[in-house]
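Produce the entire structure from the sequences given, and follow the hints as far as they go.
As you go down the protein sequences, you meet chains A and B in turn. Going by the UniProt record's numbering, the residue at position 428 of the first sequence is 428; the numbering climbs one at a time, nothing skipped. Going by the UniProt record's numbering, the residue at position 105 of the second sequence is 105; the numbering climbs one at a time, nothing skipped.
These aren't lab readings, by the way, just hints derived from the structure by calculation. Think of the CB as a built atom: it goes at the ideal place given N, C-alpha and C, for glycine as much as any other residue. Please note that the accuracy of each hint is not assured.
[Unchecked claim] Selected chain B positions facing chain A (in silico; Cβ < 10 Å):
id, residue
1, ARG81
2, ASP182
3, ILE235
4, LEU308
5, ARG327
6, GLN330
7, GLY335
8, MET338
9, SER392
10, PRO395
11, VAL406
For reference, the chains in residue letters:
Protein chains: 2
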Amino acid sequence: MLNRVRSAVAHLVSSGGTSSQRPKSPDLPNATSAPPAAAETPKSPPARPGSEVGAPPKTAETRTSFSRPTFLQLSPGGLRRADDHAGRAVQSPPDTGRRLPWSTGYAEVINAGKSRHNEDQACCEVVCVESRSSVTGASRESIRNQGLCFHYWGLFDGHAGGGAAEMASRLLHRHIREQLKDLVEILQDPLPPPLCLPSTPGTPSFSDPSHLVSPQSCWSPQKEVTHESLVVGAIENAFQLMDEQMARERRGHQVEGGCCALVVVYLLGKMYVANAGDSRAIIIRNGDIIPMSREFTPETERQRLQLLGFLKPELLGSEFTHLEFPRRIQPKELGQRMLYRDQNMTGWAYKKIELEDLRFPLVCGEGKKARVMATIGVTRGLGDHNLKVCSSTLPIKPFLSCFPEVRVYDLTQYEHCPDDVLVLGTDGLWDVTNDREVAATVDRVLSTYEPNDPSRYTALAQALVLGARGTPRDRGWRLPNNKLGSGDDISVFVIPLGGPGSYS
Amino acid sequence: MLNRVRSAVAHLVSSGGTSSQRPKSPDLPNATSAPPAAAETPKSPPARPGSEVGAPPKTAETRTSFSRPTFLQLSPGGLRRADDHAGRAVQSPPDTGRRLPWSTGYAEVINAGKSRHNEDQACCEVVCVESRSSVTGASRESIRNQGLCFHYWGLFDGHAGGGAAEMASRLLHRHIREQLKDLVEILQDPLPPPLCLPSTPGTPSFSDPSHLVSPQSCWSPQKEVTHESLVVGAIENAFQLMDEQMARERRGHQVEGGCCALVVVYLLGKMYVANAGDSRAIIIRNGDIIPMSREFTPETERQRLQLLGFLKPELLGSEFTHLEFPRRIQPKELGQRMLYRDQNMTGWAYKKIELEDLRFPLVCGEGKKARVMATIGVTRGLGDHNLKVCSSTLPIKPFLSCFPEVRVYDLTQYEHCPDDVLVLGTDGLWDVTNDREVAATVDRVLSTYEPNDPSRYTALAQALVLGARGTPRDRGWRLPNNKLGSGDDISVFVIPLGGPGSYS
Numbered sequence: 001m002l003n004r005v006r007s008a009v010a011h012l013v014s015s016g017g018t019s020s021q022r023p024k025s026p027d028l029p030n031a032t033s034a035p036p037a038a039a040e041t042p043k044s045p046p047a048r049p050g051s052e053v054g055a056p057p058k059t060a061e062t063r064t065s066f067s068r069p070t071f072l073q074l075s076p077g078g079l080r081r082a083d084d085h086a087g088r089a090v091q092s093p094p095d096t097g098r099r100l101p102w103s104t105g106y107a108e109v110i111n112a113g114k115s116r117h118n119e120d121q122a123c124c125e126v127v128c129v130e131s132r133s134s135v136t137g138a139s140r141e142s143i144r145n146q147g148l149c150f151h152y153w154g155l156f157d158g159h160a161g162g163g164a165a166e167m168a169s170r171l172l173h174r175h176i177r178e179q180l181k182d183l184v185e186i187l188q189d190p191l192p193p194p195l196c197l198p199s200t201p202g203t204p205s206f207s208d209p210s211h212l213v214s215p216q217s218c219w220s221p222q223k224e225v226t227h228e229s230l231v232v233g234a235i236e237n238a239f240q241l242m243d244e245q246m247a248r249e250r251r252g253h254q255v256e257g258g259c260c261a262l263v264v265v266y267l268l269g270k271m272y273v274a275n276a277g278d279s280r281a282i283i284i285r286n287g288d289i290i291p292m293s294r295e296f297t298p299e300t301e302r303q304r305l306q307l308l309g310f311l312k313p314e315l316l317g318s319e320f321t322h323l324e325f326p327r328r329i330q331p332k333e334l335g336q337r338m339l340y341r342d343q344n345m346t347g348w349a350y351k352k353i354e355l356e357d358l359r360f361p362l363v364c365g366e367g368k369k370a371r372v373m374a375t376i377g378v379t380r381g382l383g384d385h386n387l388k389v390c391s392s393t394l395p396i397k398p399f400l401s402c403f404p405e406v407r408v409y410d411l412t413q414y415e416h417c418p419d420d421v422l423v424l425g426t427d428g429l430w431d432v433t434n435d436r437e438v439a440a441t442v443d444r445v446l447s448t449y450e451p452n453d454p455s456r457y458t459a460l461a462q463a464l465v466l467g468a469r470g471t472p473r474d475r476g477w478r479l480p481n482n483k484l485g486s487g488d489d490i491s492v493f494v495i496p497l498g499g500p501g502s503y504s
Numbered sequence: 001m002l003n004r005v006r007s008a009v010a011h012l013v014s015s016g017g018t019s020s021q022r023p024k025s026p027d028l029p030n031a032t033s034a035p036p037a038a039a040e041t042p043k044s045p046p047a048r049p050g051s052e053v054g055a056p057p058k059t060a061e062t063r064t065s066f067s068r069p070t071f072l073q074l075s076p077g078g079l080r081r082a083d084d085h086a087g088r089a090v091q092s093p094p095d096t097g098r099r100l101p102w103s104t105g106y107a108e109v110i111n112a113g114k115s116r117h118n119e120d121q122a123c124c125e126v127v128c129v130e131s132r133s134s135v136t137g138a139s140r141e142s143i144r145n146q147g148l149c150f151h152y153w154g155l156f157d158g159h160a161g162g163g164a165a166e167m168a169s170r171l172l173h174r175h176i177r178e179q180l181k182d183l184v185e186i187l188q189d190p191l192p193p194p195l196c197l198p199s200t201p202g203t204p205s206f207s208d209p210s211h212l213v214s215p216q217s218c219w220s221p222q223k224e225v226t227h228e229s230l231v232v233g234a235i236e237n238a239f240q241l242m243d244e245q246m247a248r249e250r251r252g253h254q255v256e257g258g259c260c261a262l263v264v265v266y267l268l269g270k271m272y273v274a275n276a277g278d279s280r281a282i283i284i285r286n287g288d289i290i291p292m293s294r295e296f297t298p299e300t301e302r303q304r305l306q307l308l309g310f311l312k313p314e315l316l317g318s319e320f321t322h323l324e325f326p327r328r329i330q331p332k333e334l335g336q337r338m339l340y341r342d343q344n345m346t347g348w349a350y351k352k353i354e355l356e357d358l359r360f361p362l363v364c365g366e367g368k369k370a371r372v373m374a375t376i377g378v379t380r381g382l383g384d385h386n387l388k389v390c391s392s393t394l395p396i397k398p399f400l401s402c403f404p405e406v407r408v409y410d411l412t413q414y415e416h417c418p419d420d421v422l423v424l425g426t427d428g429l430w431d432v433t434n435d436r437e438v439a440a441t442v443d444r445v446l447s448t449y450e451p452n453d454p455s456r457y458t459a460l461a462q463a464l465v466l467g468a469r470g471t472p473r474d475r476g477w478r479l480p481n482n483k484l485g486s487g488d489d490i491s492v493f494v495i496p497l498g499g500p501g502s503y504s
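This is how it looks when you write it as structure tokens:
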């Protein structure tokens, strides 16, 4: 996530020119700091139960000045190679030993020197959920047999430092587990979820008749709430609790910066794809492309941002206007009529330029250059609690949302073949590769491997990363068509939907 | 638009039961009141030029206690028949004399006794736009030859009285015309629209170099603004100015109630379909259904409404909570855990019930029974400036939006046959008829007429209205499948996209 955070507003406001300033990327928490993952038990908001993230690991981890996903199993030498901007070696889990669940493929590459370390992080886990009301001591194995585990994949694209991405990669799935703890019995019961539960989380809910309130006492027919929507709500709240934990712990653990989060939860036959940021997930099924996320940027969220600025003008200080203009207005243009867009508009109209319109627009620029408050190019994600407009005390966080959009894909609804995959990639992939090109690479690479060869998905992830990175020529990393490859960090998961070892 | 506004909150809050109260429908302004259409020149907001609606008609109209669209050419006897709840005769323009432009079909029927008069209104016009900068005295004919006219169709579904719908049917197209006056030359120029115009609206814009600002002075590449987006912006602002005019004139002209507005503007080869409310527009092309609008209801706009209540809690008074619950909470359930949805959530989760949660939810109910503040079932439209929560001074208008969603259909991109039509209907049609059934009726009716018979579109509109109304049996209006037909007002336009006389 390079060039995603700019501290250029002062320069822009004063000169009217295009800034070339880049984000400063502070180091990750150093080796002597406690692992943010588990050092503190997050405090749950009083009214929302079940938000305690599990106990800290028994031994403190020793960490280098930067880290890569543990499943890469990097030696100290491998870690140095992964951190080499000149070589930009593609990293994947070793072909020996334990594979990732479902034979998931993974590959990543560091950026071309734009930030000191790779600010992407990733996580792939099988997470077992113990019911808050279950008998203490139930073995993990028995829980696994009851199907109360979920599979989890997460990509975290950091900006302005790798701290938030690293913390999220270590903790977000634990927040999801906590949110699911109250739902273990409910999700396994074929009956619709009870609308009301007794106050004590430990009490089994089904002996309580409060969810059988007679229809007469209701102001309208009861809304039917599905099991699926409970899982969606659990993931949404886990994102919020993760973000709140980052806010609390940012000083103690140097959790600087922020990150986009793209997460997949497989639970009871369904894939829940949750996206907050500008990473992307697509399914390739029988050659067809099924989008499983959309990107949240200043352009796609313009109206949400403008509405907030309009309703809460104090968030704009005296520096910004919530109106959008197609270019910077010059003071000499006062009184003339300029095209603008208000928060309710998708079209453009002319308005007479007034003094307030000379302020900097809350949302400006296009495509990868679009920015909120001339600073950040992504509008959802975790962290960024310290982010301020340059040369100002104006916080940007109120305009950012930590809530993901969750899309659900029912794996049981389709017969999947070994070539059907879910591809997750950070924006480093998608900046230079479109969905169709990814689908073509899926077809090309998988067809050269036996369907039951579990290494084919890692080979595919590597091909996708290599194809987006390019090779070093002249002063840039070039693609075969001589276009510039991505100089950004790139991380890719390839999750087979019907391959050997799936759902294991 | 029946049952769209309820004044039932007090009853609901006190009893927890389902209310059977209905909206009170005040009469339209009576015959002695000045026609709201043109009696006052609307005041434009200071910073937005060109919002003056044209001069009043030269003679004051004599109006009965209710009115129907002038293109129906109803005699006093016909007007009485159109107002007869028992007969529910389907009304259409006469088959003799001047047809509607494009041989547009139209049909309507009054409700089955739920409100005193038909609260739907309709308008179909060819509107000529004179440039603000053009030489005074340019003849209408010369403007028409230059193609500076637009075709206009509007359906207005009133609630809590017919005043807003009638006013909108007489004035909204004039507001659109006013907004387009500044754009006459710009829309005809193949160059991209200038970003900045001189301050005097009368000065031709193209002699002014201000839109040729050198790129160096811009903070980013200039955003490209299309001609199409200018028309969209003009329509959006026209809706807002119409709503503001209603707010100003509501007392003087008894503009009570509100209305949904579904409007089509055909200009320079494109159809602009603007919808604010729960009417619906679909195109049937070669048997395929192309949705041209979506409905704005408490359910579809839940998150927008909740966000507003969250950011501006003063709008909720002490009666409402912005949280959504799947049913009414009983005081005895305090401390238990209830399913809820917050403004950022699409899924559900459990929360401990606190005292504030006993307030009435801002958004409650499902489907046609969904309500904002237990009062209104539609969330976009014009008017409703006086609407208050029952037994309270709490205004509901802040939660309603007057802005339409505008979709654009380029007529020049397809070859259309005489059976391709755009169907506009108020919710009376869509409550009992789905898109596929409408497409089947289009096919069935049009195939019985010669392709060049201009009366086929009116016959189709009549068939659609009849099919949704049903016939009087027992105590209801029944459909052939014995389901209840719509007891609501129903109005339908059928606009041929490739038929004889099209685009004339």
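Each hint tested on the structure:
1. ARG81: Cβ of ARG81/B sits 38 Å from chain A, so the hint is violated.
2. ASP182: 6 Å, holds
3. ILE235: 7 Å, holds
4. LEU308: Hint on LEU308/B: holds, closest Cβ of chain A at ~7 Å, below 10 Å.
5. ARG327: Nearest chain A Cβ about 4 Å off; hint holds.
6. GLN330: This interface hint holds because 7 Å falls under the 10 Å limit.
7. GLY335: 5 Å, holds
8. MET338: 5 Å, holds
9. SER392: 17 Å, violated
10. PRO395: 16 Å, violated
11. VAL406: 7 Å, holds
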